[in-house]
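There are 4 protein chains.
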Amino acid sequence: MQAPEFITTEWFNADDTTKLADYRGKVVVVEAFQMLCPGCIQHGIPLAQKIQRMFPADQVAVLGLHCVFEHHAAMTPVSLNAFLQEFQVTFPIAVDAAGEGYVPQTMEAYQLRGTPSLLIIDQKGELQAHQLGQVSELQIGAEIATLIASDRSALGADASLEAASGCESGLCTV
Amino acid sequence: MQAPEFITTEWFNADDTTKLADYRGKVVVVEAFQMLCPGCIQHGIPLAQKIQRMFPADQVAVLGLHCVFEHHAAMTPVSLNAFLQEFQVTFPIAVDAAGEGYVPQTMEAYQLRGTPSLLIIDQKGELQAHQLGQVSELQIGAEIATLIASDRSALGADASLEAASGCESGLCTV
Amino acid sequence: MQAPEFITTEWFNADDTTKLADYRGKVVVVEAFQMLCPGCIQHGIPLAQKIQRMFPADQVAVLGLHCVFEHHAAMTPVSLNAFLQEFQVTFPIAVDAAGEGYVPQTMEAYQLRGTPSLLIIDQKGELQAHQLGQVSELQIGAEIATLIASDRSALGADASLEAASGCESGLCTV
Amino acid sequence: MQAPEFITTEWFNADDTTKLADYRGKVVVVEAFQMLCPGCIQHGIPLAQKIQRMFPADQVAVLGLHCVFEHHAAMTPVSLNAFLQEFQVTFPIAVDAAGEGYVPQTMEAYQLRGTPSLLIIDQKGELQAHQLGQVSELQIGAEIATLIASDRSALGADASLEAASGCESGLCTV
Numbered sequence: 001m002q003a004p005e006f007i008t009t010e011w012f013n014a015d016d017t018t019k020l021a022d023y024r025g026k027v028v029v030v031e032a033f034q035m036l037c038p039g040c041i042q043h044g045i046p047l048a049q050k051i052q053r054m055f056p057a058d059q060v061a062v063l064g065l066h067c068v069f070e071h072h073a074a075m076t077p078v079s080l081n082a083f084l085q086e087f088q089v090t091f092p093i094a095v096d097a098a099g100e101g102y103v104p105q106t107m108e109a110y111q112l113r114g115t116p117s118l119l120i121i122d123q124k125g126e127l128q129a130h131q132l133g134q135v136s137e138l139q140i141g142a143e144i145a146t147l148i149a150s151d152r153s154a155l156g157a158d159a160s161l162e163a164a165s166g167c168e169s170g171l172c173t174v
Numbered sequence: 001m002q003a004p005e006f007i008t009t010e011w012f013n014a015d016d017t018t019k020l021a022d023y024r025g026k027v028v029v030v031e032a033f034q035m036l037c038p039g040c041i042q043h044g045i046p047l048a049q050k051i052q053r054m055f056p057a058d059q060v061a062v063l064g065l066h067c068v069f070e071h072h073a074a075m076t077p078v079s080l081n082a083f084l085q086e087f088q089v090t091f092p093i094a095v096d097a098a099g100e101g102y103v104p105q106t107m108e109a110y111q112l113r114g115t116p117s118l119l120i121i122d123q124k125g126e127l128q129a130h131q132l133g134q135v136s137e138l139q140i141g142a143e144i145a146t147l148i149a150s151d152r153s154a155l156g157a158d159a160s161l162e163a164a165s166g167c168e169s170g171l172c173t174v
Numbered sequence: 001m002q003a004p005e006f007i008t009t010e011w012f013n014a015d016d017t018t019k020l021a022d023y024r025g026k027v028v029v030v031e032a033f034q035m036l037c038p039g040c041i042q043h044g045i046p047l048a049q050k051i052q053r054m055f056p057a058d059q060v061a062v063l064g065l066h067c068v069f070e071h072h073a074a075m076t077p078v079s080l081n082a083f084l085q086e087f088q089v090t091f092p093i094a095v096d097a098a099g100e101g102y103v104p105q106t107m108e109a110y111q112l113r114g115t116p117s118l119l120i121i122d123q124k125g126e127l128q129a130h131q132l133g134q135v136s137e138l139q140i141g142a143e144i145a146t147l148i149a150s151d152r153s154a155l156g157a158d159a160s161l162e163a164a165s166g167c168e169s170g171l172c173t174v
Numbered sequence: 001m002q003a004p005e006f007i008t009t010e011w012f013n014a015d016d017t018t019k020l021a022d023y024r025g026k027v028v029v030v031e032a033f034q035m036l037c038p039g040c041i042q043h044g045i046p047l048a049q050k051i052q053r054m055f056p057a058d059q060v061a062v063l064g065l066h067c068v069f070e071h072h073a074a075m076t077p078v079s080l081n082a083f084l085q086e087f088q089v090t091f092p093i094a095v096d097a098a099g100e101g102y103v104p105q106t107m108e109a110y111q112l113r114g115t116p117s118l119l120i121i122d123q124k125g126e127l128q129a130h131q132l133g134q135v136s137e138l139q140i141g142a143e144i145a146t147l148i149a150s151d152r153s154a155l156g157a158d159a160s161l162e163a164a165s166g167c168e169s170g171l172c173t174v
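Protein chains in written order, with the UniProt record's numbering: chain U, 1 to 174; chain P, 1 to 174; chain C, 1 to 174; chain R, 1 to 174.
Be a bit skeptical, because a hint or two may be false.
Below, in silico cross-link-like pairs of lysine-lysine (DSBU-like), each with a Cα-Cα straight-line distance of 30 Å or less [stated by the list, open to error]:
1. U:K124 <-> U:K19
2. C:K50 <-> R:K50
3. P:K124 <-> P:K19
4. C:K124 <-> C:K19
5. U:K50 <-> P:K50
6. C:K19 <-> C:K50
Worth flagging that the hints you see were computed from the coordinates, not collected in a lab.
Since the model is a prediction, treat every value here as computed from it, not as a measurement.
Just chain U, same shape as in the assembly (with noise of 0.2 Å):
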């Protein structure tokens, strides 16, 4: 499925006029929490930030959707801004639109059943996986690094070769 555009109110760490689409031809991984939900601050914000700080900016985009289906009053722009300062949190951070109902808009456009929810985008645009609660650092590691990988295989055989050699993404092979 194609990742649906995120509909925003506005962004912090990036300008406002951001779109999920600017990320096209890298993998996106896109942490979706609420500041004031634990899980979202134990595990999802923490795990976020190391995938920023191990994938080469180069290759891999990490962005928070802060997506608010409950104590909205509790959870204003406002007071995210706080939240991002204290935990420093320094990668883009997309504001879901308010919905109809409780739902924001993006959160309801991928089906998101709450938070924190993990979404991995390939470098086209296609949502690959996502997966709510507390995930497996081995695992989204070898999901990041498979689509890395599927996108220079696609490139051709010289590519292909260069993967193949060894020392990619930064890391630290012989």
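Fit chains P, C and R to the given chain U structure using the hints.
Just chains P, C and R now, kept in the frame of chain U:
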């Protein structure tokens, strides 16, 4: 560098005639450890067990290499056997053969600097990575998946498409 | 030093007319926190919840003091209310009254240097300890128990017999 | 119940003639363990080391009791010696003497059901608590401090009765 064959006195969880070369065609992850090394117990062995659970056995083989370079009288095969039972280690364990000095022969052949060390050997038997100490699960997951994907792309376009089509290695992709 | 009375604008999980003095006769453990302070979420609040579960409510009272000294617009009572629900905080929370500068009035009266800070007040209302940052559970358990024991020995034999009558907390004693 | 004297074949980090009775006058915390028991390595030994660091040595003695009831050939004194060095255990360790069956003699005298077990013995040699498995640091800190405080109050006659009768803080004493 081609990964040197293991020089062993016996194996646990496998036949004593087992060879590293028997696993050619798979990515081989080797946890080099000593049973009384704190970092091995706290990080190395649990990581190897997670890798064993995460990746399909027909693509990734997890092996242990018990390479004792200190307290030789304490870390005998009898003690190792009890350790493996208590810590529920079920992957094959090679017992590295004593050398002329403190360091056993396989450990010397691989020039390992200590334990725990994690080795990653590709499907053709090339040593692709070795890391001493605590390692990132994101990174290890990515390294293993990169080797799996490289091997597929070497098979030609069809395999490449298959790789691109999504859900592999038991991971929960869309 | 006698623990200063709290200067509050409201309380959660307690009547708004609640006073610190209402808890005289018990050991009072005060978790001074801000809802968006990472150390408070990771260590301070969980420790206070453990103390609440471990010690009998007729001997030890656990209170929160929400003392906002930064990001005032982000950490409002509306946001705090959602935070307390999401993190399942059930002990009484006093909202510290704003002062003339950034630091609220109770925080200034206690001369706290930051959050999380843990205060221990004895049964007579004397401030016995305050500690900034992550604290040892062994040490906090010992400090609370020392105050309980000191109070009992001051009461004489009758109280002592009462105290001796039971194994209370479902713990596995001989 | 009066804590039975240890029946030992040797001690590490102490003279082989050491007796439990030598520690009379102090609170004695005994970590009963097996060197290849996962819960002992993960929780029991680290907790005993924290207690050793937290409480003053003239008031609290921390001892280990190596009570092997399985894999006897694997957990010999030679192996134990290496274990203690690798895990930097510096408190005295008694090696429990083999019994007629699998269970060693001191373990049987205390009727321990497994490892890790934590024993707390008061200044007069009375066994005040024993707990199997992972234990709460708050609770253990409280139990030790309660015994220290009781002993202090024993300087007066009424309080002395109280101290002998045991359990004060609602924590897990007899």
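Tell me the numbers of any earlier hints that the structure contravenes, in ascending order.
The structure breaks none of the hints.
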